[in-house]
Structure formats: structure tokens, C-alpha cells
Amino acid sequence: MVNEQNELIKRRFEELEEIKKLGVNPYPHRYDVTHKAADLIKNFTDPKDEAETEARKSVIVAIAGRISAIRRMGKATFCHIKDDTDRIQLYIKKDEVGETPYAILKMLDIGDIIGVKGFVFRTKTGEISVHCVSFELLTKSMFPLPVVKEEITETGEKIVHDAFADVELRYRQRYIDLIVNEGVKETFLNRTKIIKSIRSTLEKYGFLEVETPTLQSIYGGANARPFVTHHNALDIPLYLRISNELFLKRLIVGGFSRVFEFVKDFRNEGIDRTHNPEFTQVEWYQAYGDYNDSMKLFEEAVEQACIAVHGGTKINYQGTELDLKAPWKRIRMIDAIKEKTGLDVLSMKKDEIILYMKQNGIEFDTKLSHSKGLVIANLFEETCEEDLIQPAFVLDHPIDTTPLCKPLREYSLSQLEEMRKDPEQVIFVERFEPYINKWEVGNAYTELNDPILQRRLFEDQVERGRGGEEETHPMDDDFIRAIEVGMPPTTGVGMGVDRIVMLLTNSVNIRDVLLFPLMKPQEK
RNA sequence: GGGGAUGUAGCUCAGGGGUAGAGCAACUGCCUUUUAAGCAGUGGGUCGGAGGUUCGAUUCCUCCCAUCCUCACCA
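For the first sequence, the working numbering gives the first residue as 129, with consecutive numbering after it.
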């Protein structure tokens with residue numbers, strides 16, 4: 129916000145007027161850039177002799193960027209400009225650029241964008257620099273930027289002085305954060321690399337990128353509270369998607385055999401280090417495959433993304449060594465519980481499991497106590513998740529945890545009917561959740577394509593919703609019709625892109641990997 | 001939602017019941033190979049907001065706001 133009263137800003141307005149008086153447009157239309165800072169530095173070689181030094185002076189480059197530091201020494205000035213590749217030092221002499229340009233130079237500030245022409249040389253102190261023959265103001269900056277200084281010690285260590293550290297301002301004014309803070313831009317370059325890599329892995333296997341609605345009249349595909357909005361012309365409520373799962377499955381019904389989509393999902397829930405109300409997932413669906421196929425593709429996509437960013441599969445996340453090399457460990461949920469607690473939950477009654485949890489001080493959600501499957505899932509989360517550091521797939525979840533997944537293939541049809549009638553029997557489904565560093569980084573199924581069972585599971589969800597559970601799946605008749613038309617055997621995956629990016633960029637907070645994380649609006 | 005921490009100049013921070021201080025940035029002057037440039041000087045703050053206690057509050061108290069950490073919720 130420009131506060132006219134601020135002395136520093138007032139000063140810049142005065143300078144702007146003086147610059148205009150000198151006949152200079154502080155906001156010209158274009159500039160021909162011939163080189164980038166990183167290339168100039170990378171390609172520089174020291175001249176062999178005097179003659180070559182002289183010859184170099186006629187090799188003129190044009191470069192543009194934002195002034196990040198300026199050192200005036202009377203009739204000569206050094207400054208650093210930053211373009212999108214690197215920063216480079218400029219050397220400008222009064223008797224070479226002329227009286228008026230030098231007067232303009234005196235009025236330039238950190239933050240202004242300039243274009244310069246000159247030749248590349250190495251200074252006495254060894255820094256590759258551009259010796260300017262002319263320069264042009266390209267954009268006057270009216271807002272004083274934080275001044276971040278870098279010091280290179282004798283040992284080559286880089287010390288950053290007075291970094292722009294206020295996290296709130298960094299997130300709210302990301303443009304400033306990107307300009308002045310070292311490493312921020314790199315995180316987002318890596319984010320793009322990761323997404324590109326995942327996309328290319330999927331395309332390698334013939335997946336087609338598609339687009340499905342963000343505004344939905346029935347939300348679904350996950351258990352979460354949605355954002356509600358309203359369409360004026362139709363006078364109906366609409367929901368921002370919590371998932372695109374049901375639409376991608378409709379496309380499989382429609383005859384696409386492999387589809388994927390990177391999407392923003394919106395969930396009206398709490399905000400913390402790993403949750404933002406809007407977040408990015410990539411979901412993919414593969415006809416004729418099962419969850420084993422999805423596991424292979426998932427671990428390959430993450431492994432490749434890691435290689436794209438780090439050149440290898442080993443990373444250090446906040447002090448934890450992780451190896452993302454495929455294949456990852458696979459473990460059934462009930463085996464994980466047995467490994468950790470020694471319990472064989474299948475042979476225990478629901479109430480025995482609950483009693484065990486109470487006796488052992490294990491956090492227990494009483495809202496879920498009506499179902500043995502949910503109690504088992506609850507026990508798993510409270511006891512096993514904390515050990516899932518290295519990448520692992522946790523397989524075969526209780527059916528009550530999701531209405532969209534197919535039961536294990538080992539059950540016969542009649543067996544399933546029997547099991548449904550007995551509340552002490554738990555039906556498991558072909559679902560897996562990949563874990564890295566204790567985080568769920570995705571969710572996948574052998575997709576349910578039995579329309580009768582699908583309808584029944586939705587009805588169960590609606591029933592549970594009436595019973596007080598807050599986040600149950602709504603009925604979606606059109607989706608059931610699509611399943612009735614016939615969806616081939618299919619497997620599908622959702623991957624939490626933001627969490628993958630956090631892991632691969634060593635970021636502590638999801639906000640560090642979102643360019644513009646949600647912030648409360650500011651007063652005034 | 002509970003607990004803890006923080007909020008002082010454009011930035012990074014110190015201070016502390018008597019209306020504020022440093023470094024960088026800004027401004028003036030000197031300086032034609034400097035680099036956290038240097039030297040000399042100058043200006044800049046309703047100390048997050050609202051109340052209260054007090055002769056007096058930026059400092060103590062209460063409430064509010066924002067941010068961070070943490071727990072809960074969100075599988």
C-alpha cells in the first residue's frame with residue numbers, strides 16, 4: 129500500500145518528476161535484451177593479452193534487470209542487477225555515459241529496472257561484470273524494497289544480512305519475497321519441474337490430460353466439507369470441487385482408457401503446516417488395471433520427479449534421510465498393526481479393540497465406534513503412522529473408510545453377502561495410501577464398478593451422515609448411472625502434489641510451496 | 001477451538017513506568033575498479049488496536065487483531 133506520507137516514497141515521487149523533467153520516460157515500452165546474467169557469467173573467459181582485452185570492448189551485450197545493490201563512488205558507480213537467471217555487477221563511468229545519463233543514474237534506487245549495453249570484463253577484485261557504455265531506465269520503482277545484503281566470506285561461505293524474514297509479509301507480498309530472498313524462486317522452479325516430470329511419466333504410459341469441472345452441483349470423490357457458492361442465473365447452489373474423481377471415472381465409462389488431470393481441490397477445513405484450503409492433486413485413472421498397477425506408477429512418478437530435481441533418489445528432508453527409490457515397501461494395514469502392537473485385530477471383537485485402545489491411552493474417536501472397520505483404521509492411524517518415514521504403501525483398508533473402492537478379490541460373492549450381515553466381520557478393499565515422512569501423499573483404489581454395491585455404499589454414507597458424522601459422501605445418482613452403463617475394471621490414484629513438492633524442496637510449510645497461500649484479509 | 005511465543009523506523013533487531021535506540025536503507029557532501037565499499041553530517045516512529053491502572057504507559061493489567069509454534073479438528 130502506497131502511503132504518500134512516507135518519506136521514502138515521497139522522495140521517489142520527487143525523483144520521478146525530476147527524471148520526467150529531463151525528458152526521460154520512466155516507463156518505456158520495450159527493450160531488446162540480448163543476454164542473461166547467468167550466461168554472461170558462465171561463458172566468460174579471461175582474455176589472453178592486451179589485444180584481446182581491447183577487442184572485447186567492441187563485443188556489446190544488452191542485459192536488463194532490477195537493481196539489487198548500488199555503490200556510488202563519485203564519478204563511477206557499481207551496481208548489481210538481477211534478471212531471472214542470476215545477478216551481475218555493472219560498472220558505469222560518468223565520462224563514458226555522459227552528463228545527463230549520469231544525473232539520472234544518481235536518482236536510481238534499489239528496485240528500479242534498467243537495461244544496459246556494454247562489454248563483459250573482470251574487475252580488479254575478480255568479479256565478472258558489465259562495463260556499461262549506455263543504460264536506460266525501464267521501470268521506476270516507487271516502493272522501497274527491503275535491503276538484503278550478501279557477504280561472501282574468505283572461506284566462500286555466503287552470509288545473508290537482514291533477510292526479509294517476516295513470514296506474514298513474505299506470503300502476502302510474494303512478489304517482494306521472490307525479488308529479495310535467496311532460494312524462494314528456486315523452490316518454485318522446482319515445483320514446476322516436479323509437475324512437469326509427473327506429467328511426462330503419465331504421458332509416457334499413454335495417459336491423456338483432460339479437464340473436468342471445478343464448479344459442481346454435487347460434490348464427491350472424497351470425504352470433506354466443501355465450499356458452497358451460488359449461481360445467480362440458475363439460482364442453484366454450487367460447490368467447489370473437493371475432488372475430480374467421479375468425473376474422471378465418467379470419462380473411463382465414456383471410453384477413454386487412461387486419463388489424468390492436475391487440479392485444485394477445495395476443502396473447507398483447518399489450515400496448518402500441511403493443509404491449505406485449496407491444494408493441488410493429480411489424479412489418474414487406468415482402465416483394465418488394478419491397484420498394483422497404480423502402486424508401480426505412483427512410485428515411478430515420485431522417483432522420477434525426485435531425480436528431475438535432485439539427480440538421484442536420496443533426499444534429506446529436515447534432517448531425515450529419505451530414499452525414494454522404487455520399489456517401495458508394501459504392507460497391509462492389519463499387518464502393520466500386528467507388527468507394531470502384536471494384535472491380530474481380525475480375531476478380536478470390536479469392543480476388545482476399543483478396550484485395548486482405552487487401556488493403552490490411544491486416542492480414540494468415539495464418533496467412529498459404531499464400526500469395527502473404522503475402529504481398526506483409527507487404531508492404525510494412532511499407532512502405525514508415526515513409523516512410516518521411508519516411502520511405503522499401506523494396503524487393504526476397511527470398506528467403511530471409503531465408498532468408492534472394490535473389495536479384495538479373495539472374497540466370493542456369497543462370502544461378501546454373509547460378511548455384510550455380521551458387524552464383527554470386516555470387509556477389506558483394494559485401497560492403498562502411500563506414506564512418506566509420516567504424511568499421506570496420496571490415495572488409490574482398485575475402483576468399485578459394481579453399481580449395486582456402489583449405490584448401497586453411498587446409501588450407507590448418507591445414513592452415517594444422518595447419524596452425525598460430518599464428512600460423509602453424498603448420493604450421486606448420475607454417477608451411479610454411469611457405473612450402471614458399465615465402467616471397465618479400473619484403478620485410480622490421487623497424489624498430493626503440494627506434499628510431494630514440500631518433500632522434494634525441503635520445505636517446512638505448505639505455504640512455502642504455494643506462490644500465494646491463503647491469508648486472512650488485512651484490515652483497512 | 002485450547003496452550004505457548006511474537007508484534008518497536010522501509011528491512012533486521014535492541015530497549016524498557018518519565019513520550020525511544022543500533023545496523024542497513026533514505027537524504028547532503030567527498031570519492032573513476034567497489035562489493036555487507038568507505039568517510040563526515042542530516043532526517044525519519046500516535047512502540048499492532050481499544051480500554052484500564054497511574055501524576056504520567058511504548059513499558060503494567062484486560063480485551064481485541066494478526067502471525068508463528070503446538071495440540072485438537074480435518075482420515
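Heads up, a few of these hints could be off.
Claimed, not checked - BS3-like mimics (lysine-lysine), calculated; alpha carbons at most 25 Å apart, straight line:
(1) Lys203 - Lys148
(2) Lys477 - Lys566
(3) Lys442 - Lys453
(4) Lys138 - Lys148
(5) Lys466 - Lys442
(6) Lys566 - Lys549
(7) Lys210 - Lys245
(8) Lys203 - Lys185
(9) Lys164 - Lys149
(10) Lys549 - Lys495
(11) Lys245 - Lys185
(12) Lys495 - Lys477
(13) Lys221 - Lys277
(14) Lys221 - Lys185
(15) Lys466 - Lys332
(16) Lys234 - Lys222
(17) Lys222 - Lys252
(18) Lys234 - Lys176
(19) Lys321 - Lys170
(20) Lys234 - Lys170
(21) Lys252 - Lys277
(22) Lys453 - Lys424
(23) Lys549 - Lys313
(24) Lys210 - Lys332
(25) Lys332 - Lys453
(26) Lys495 - Lys478
Claimed, not checked - Per label pair, the in silico range of CB-to-CB distance:
(27) Met270 - Val161: 20 to 28 Å
(28) Leu536 - Lys648: 40 to 48 Å
(29) Asp212 - Ala183: 26 to 34 Å
(30) Gly311 - His157: 50 to 58 Å
To be clear, the hints were calculated from the coordinates, so they are not data collected in a lab.
C-beta atoms are modelled at their ideal positions from N, C-alpha and C, and glycine is treated no differently.
Exercise for the section: Please write out, lowest number first, the hints stated earlier that are contradicted by the structure. Expected result: 2, 5, 6, 9, 15, 18, 20, 23, 24 and 30
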